[in-house]
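Trainee: Sequence:
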Amino acid sequence: MDEKNYNGYDTEKRLENFSEEGDAIRESIKNSQRFCQRFFYGTDKKKCNIARFRSKHISDLLRNFDVVMSEETYSTILYETLWAEGTWGPLDSWDKQSTFFAWLRKVSWNAVIEWLEKEHIIEKRARTVGNTRLTMLSQSVGKCILVIDELMKDTKYYDVLTAIYVDRLKDYEIIAKLNITEDDYKKLRKQGERKLKDAILRSPHCFEEDVLHDKSANMITVSSEFVMDMAEWYKERTEENPFSDVLGLQLTDDEVKDKIVNFIYDFSSKLKWTDEERYVWRKRFIEKVPPTQLAEKMNKDRHWIDLHYSRINKKFKRAFKKWWKQNG
77 MDEKNYNGYD TEKRLENFSE EGDAIRESIK NSQRFCQRFF YGTDKKKCNI ARFRSKHISD
137 LLRNFDVVMS EETYSTILYE TLWAEGTWGP LDSWDKQSTF FAWLRKVSWN AVIEWLEKEH
197 IIEKRARTVG NTRLTMLSQS VGKCILVIDE LMKDTKYYDV LTAIYVDRLK DYEIIAKLNI
257 TEDDYKKLRK QGERKLKDAI LRSPHCFEED VLHDKSANMI TVSSEFVMDM AEWYKERTEE
317 NPFSDVLGLQ LTDDEVKDKI VNFIYDFSSK LKWTDEERYV WRKRFIEKVP PTQLAEKMNK
377 DRHWIDLHYS RINKKFKRAF KKWWKQNG
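Going by my numbering, the sequence shown opens with residue 77, and the numbers climb by one from there.
Think of the hints as simulated: they come from the structure by calculation, not from any bench.
Any given hint might turn out to be false.
Unchecked claim - With a Cα cut of at most 25 Å, we get these calculated DMTMM-like pairs of lysine to aspartate or glutamate:
| hint | residue 1 | residue 2 |
| --- | --- | --- |
| 1 | K364 | E352 |
| 2 | K132 | E148 |
| 3 | K122 | D142 |
Sequences are here, hints too, so could you generate the full structure?
Mentor: Next up, the structure:
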């Protein structure tokens, strides 16, 4: 790819012929060292390079993992992953079901997380029913038939899962087809999807990478003290206000932890806070980071941390109290 064509690429446009665009970029990566250098290490976000999503990922690493990563390190991790000892084999795994850059963003994030885990910079979390979600609606019908027939054929959830992921029916159509109430449908679907995720995680077949996605809760670390406090609260509330009624099924100890992490993270994500407010609150409330340590990390004084956390935590308590009144 010559300099003129290189400068003409805009990574943010959804071109109609994204397949040709992606093919051109792949071939340029494989055959042009000059293009390769600019693609992986370039900083101009208007050019054809990874600069835009690299910046976002680096920001996500700091916010969610407290990991500071340089642009050069990030780029080198992705470069070495795709280079694959000179074969560039991973580039050929792009299935063209999305744009090349959409695919590359996922590959990049996974490569960086895998590297951080391998270097023991972050702790690897095992996938569970609680920290994953199904992505089968984004898969082909054929893939869904294969998974459901293989894992759920002889269960009471087969019909509802087939209606959702194979027939792609709307909720009211499924309710009519199965001749059940709306409440029974919701219960059957929730239980069926949990059973399906559990079966996928236990299956010797390679279904997991295709049809499961890690929830964003995997991107934070919650202190053991916080989990114990919430678990104790759960036990105290089981009689008068069942935690299971609010957050799902009756839970095991491991599932309690997963549910707490997922719920608190998701709940705080939906509040109308700034990124800075959310960062301060999660560090103090969820992760129990000492205020002096957080102040040093954010280059703020202790008083600023205490004042802002107190104000934000009051917002959280009001929001949670309102939510609990509606759902508890």
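Trainee: K122 and D142: Cα distance at most 25 Å?
Mentor: Status violated; Cα separation ~28 Å.
Trainee: Between the alpha carbons of K132 and E148, is the straight-line distance 25 Å or under?
Mentor: This hinted pair holds, its Cα atoms lying about 14 Å apart.
Trainee: Has the given pair, K364 with E352, been kept, meaning a C-alpha gap of at most 25 Å?
Mentor: It holds: about 16 Å lies between the C-alpha atoms, which stays within 25 Å.
Going down the numbered hints, you'll see the structure goes against just number 3.
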